[in-house]
Amino acid sequence: MDPIIATEDLKKIYRLGKVDTPALRGVTLQIQDGEFAAIVGPSGCGKSTLLYLLGGLASPTSGRIFVDGNEYSSMTDAERTRFRRHKVGFVFQRFNLLPTLTARGNIALAQAIHDHGYDPHRFQSVTEMLGIGAKLDHRPFALSGGEQQRVAIARAVVCEPKILLADEPTGNLDSGNSQLVLNMLRTLNRSLHQTILMITHNPEAAAISDRIIHMRDGLVIED
Amino acid sequence: MIGKMIIANVLHRPIRTIVSILAVAIEVGMVLLVVGMTTGMLSQAAARIQGVGADVMVQPSGASLFLGVSAAPMPIKIADLIEQLPHVQAVAPVLLQFNTSGTGGLNLVYGIDPKTFAKVSGGFVFYSGGPLRNPWDVLVDDFYARSKRVKVGDTINLLGHDFHIAGVVEHGKGARLFIPLKTAQDMSGSKNRASIFFVKCTDVGYTDSVLAAVKKLLPDHNVLSVREYMSMMTSNNLPELSDFVTVMIGIAVGIGFLVIFLSMYTTITERTREIGILKSLGASKAYVINAILQEAGLMCIIGIAVGIGGTIGLKILIESNFPTIPVNLTVLWVIRAGALAIGGGLIGSFYPALRAARLDPIDALGYE
Ligand SMILES: Nc1ncnc2c1ncn2[C@@H]1O[C@H](COP(=O)(O)OP(=O)(O)OP(=O)(O)O)[C@@H](O)[C@H]1O
Ligand SMILES: [Mg+2]
Chain A
4 MDPIIATEDL KKIYRLGKVD TPALRGVTLQ IQDGEFAAIV GPSGCGKSTL LYLLGGLASP
64 TSGRIFVDGN EYSSMTDAER TRFRRHKVGF VFQRFNLLPT LTARGNIALA QAIHDHGYDP
124 HRFQSVTEML GIGAKLDHRP FALSGGEQQR VAIARAVVCE PKILLADEPT GNLDSGNSQL
184 VLNMLRTLNR SLHQTILMIT HNPEAAAISD RIIHMRDGLV IED
Chain B
61 MIGKMIIANV LHRPIRTIVS ILAVAIEVGM VLLVVGMTTG MLSQAAARIQ GVGADVMVQP
121 SGASLFLGVS AAPMPIKIAD LIEQLPHVQA VAPVLLQFNT SGTGGLNLVY GIDPKTFAKV
181 SGGFVFYSGG PLRNPWDVLV DDFYARSKRV KVGDTINLLG HDFHIAGVVE HGKGARLFIP
241 LKTAQDMSGS KNRASIFFVK CTDVGYTDSV LAAVKKLLPD HNVLSVREYM SMMTSNNLPE
301 LSDFVTVMIG IAVGIGFLVI FLSMYTTITE RTREIGILKS LGASKAYVIN AILQEAGLMC
361 IIGIAVGIGG TIGLKILIES NFPTIPVNLT VLWVIRAGAL AIGGGLIGSF YPALRAARLD
421 PIDALGYE
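Residue numbers (the numbering used here), protein chains in the order written: chain A, 4 to 226; chain B, 61 to 428.
Source of the hints: derived by calculation from the structure; they are not laboratory data. Keep in mind that a hint or two might mislead.
Claimed, not checked - Derived DSS-like pairs (lysine-lysine); straight-line CA-CA distance at most 25 Å:
1. 345/B <-> 90/A
2. 137/B <-> 275/B
3. 208/B <-> 345/B
4. 242/B <-> 179/B
5. 275/B <-> 179/B
6. 165/A <-> 345/B
7. 175/B <-> 137/B
8. 138/A <-> 64/B
To be verified - Which bits of chain A does chain B cover? Going by a derived footprint, with three or more residues having C-beta under 8 Å, they are:
9. 53-65
10. 83-92
11. 210-224
To be verified - Some but not every residue of chain A turned toward chain B, in silico, with C-beta under 10 Å:
12. 69
13. 80
14. 95
15. 97
16. 99
17. 100
18. 101
19. 117
20. 121
21. 158
22. 159
Each residue gets a CB set at the ideal place from its N, CA and C atoms; glycine is no exception.
Only chain A is shown next, with the shape it has when bound in the complex:
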């Protein structure tokens, strides 16, 4: 079976004025459909950069990215935006909920941006699975970190993306909440066959994944 994510010699150089920072220096990687993979590595080794490239939030300097059989560099900006809307869900360390909207509003917004609009069944099953049904009318400031992150996960998966990209989803959580969020991701992966690529610094978090990808200095060093 074709991998859901594949990269070929992916390079990314950030150019700030005259200084070039190579963040990725030739990453070749394959993730299978339904896999739960963790990426670990020291700070600054290019983990977030890799995730942004896979999610189409930034373009690589060179190399190719295939997601669900589509190659990014052959797409226009607008096509990549549409692709991201339909195939990719993001979860961030800082939750990134819209502060002016309730939990319900944040999740519904993702469905509204997604062309198919509000789907009450999916909405309910996702919020139930993540255990936030009782908190839906709270705004982010009235939620704990763990609850905020679960709302963010609900928002990321409510439109049934092919891949879920999580950048240190437990980085701002205490160990109890971390465990809860990790269990949710595990459940999503097991019961909904959700492909997950998760960056983490936490060995316990990495341990619950199927596969651990080690990075250093912009390269994958061990798989």
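Dock chain B with the ligands against the given chain A, drawing on the hints supplied.
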């Protein structure tokens, strides 16, 4: 959903929202009041001329449509020549004066010969008092009497001289103040002169032929039928006035534009991170632009409603306190003012919207 987000954003910074709404409301109110007061003033002035009851009016060449802002007055004996033309029933010479003394404001004063003026106009309707008898008598109309709180027997200062109010008459016959022609001539040093002749035909049907005859008799004069005059009394035919109106509208639209621009510009700076979030959720450029234009549009629409409501309130207030200042509100201008405000608001928010749409999502997400 986008609607909910916009409403949440608008409510999130109430002061900013209120200031933007007020700016649009002031913009709309300013347009409506400037246009309403100029057209009101013009149509009132025109209606008063019509109220004189003449069919044809004769002025010196170069006279402005705004009566009185005119060239040197004409010899009064012209009236006799006109009177001898066929189908002319009466000719009333009037010497126009502008009064600026007294309680302030600018008043048009008609120096009239009561006999001929009555023949042309059908005579005054007296609310109290009686006709002009003495050189220092003045007739005032009911609006003037009400707004200046004066009555028959009072003394008012006009053109630097005290006048005795002989009568209060029904408004609508050219001016609000009438003094004897002779007095006006003496005061302005225009002995035996008049600035306008009002001509009454034996029948309205003869207007065109009388008009032609007067034009032939006085080729160097400004001869108009009152009907023509009425149709010409719009600000378009008064360059100074239409320039003034245009400048005021320009200032009003400029205020609305700048405030909306600044408001939306600070909004997107403040919400850079949120725009990054929208983009990470797959929102397209068009989606982001649309959301910001809708937010600006919402504030404009509320501002327009407040502006229209406020203008109606002001109109009532102005007209009840200053009956001599009419404010004409027309549906056409309400629509125009609304369209200007929406247009200015959308143009003002377009650049901020474009900037937001162009934000790099990664930079935006990293933004503190
Ligand atoms: N927008 C940017 N402009 C310039 N350089 C950048 C930018 N983003 C990242 N970098 C650089 O690229 C390299 C990789 O950054 P990246 O954020 O991918 O690392 P990371 O592995 O996610 O680190 P961390 O674990 O601290 O999150 C770093 O050297 C970083 O300084
Ligand atoms: Mg990182």
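Evaluation of the provided hints:
1. 345/B <-> 90/A: Distance ~18 Å between residue 345/B and residue 90/A Cα, so the pair holds.
2. 137/B <-> 275/B: Between residue 137/B and residue 275/B the Cα gap is close to 16 Å, so the pair holds against 25 Å.
3. 208/B <-> 345/B: violated (62 Å)
4. 242/B <-> 179/B: Within the cut-off at roughly 18 Å; holds.
5. 275/B <-> 179/B: With Cα atoms ~22 Å apart, residue 275/B and residue 179/B stay inside 25 Å; holds.
6. 165/A <-> 345/B: Roughly 23 Å separates the two Cα atoms, so the pair holds.
7. 175/B <-> 137/B: The hint holds at about 16 Å.
8. 138/A <-> 64/B: holds (18 Å)
9. 53-65: That given contact holds, which follows from 4 residues of the region 53-65 of chain A lying within Cβ reach (below 8 Å) of chain B.
10. 83-92: Result for this restraint: holds, n = 6.
11. 210-224: Violated, because only 0 residues of the region 210-224 of chain A bring their Cβ atoms closer than 8 Å to Cβ atoms of chain B.
12. 69: violated (19 Å)
13. 80: holds (8 Å)
14. 95: holds (7 Å)
15. 97: Hint on residue 97/A: holds, closest Cβ of chain B at ~8 Å, below 10 Å.
16. 99: It holds, given that the least Cβ distance between residue 99/A and chain B is near 5 Å, below 10 Å.
17. 100: Holds. Min distance 8 Å.
18. 101: Hint holds; residue 101/A Cβ to chain B Cβ min 6 Å, cut 10 Å.
19. 117: holds (7 Å)
20. 121: Holds - the Cβ of residue 121/A comes within 10 Å of chain B, reaching about 7 Å at its closest.
21. 158: holds (7 Å)
22. 159: holds (8 Å)
Consistency note: the structure conflicts with the earlier hints numbered 3, 11 and 12.
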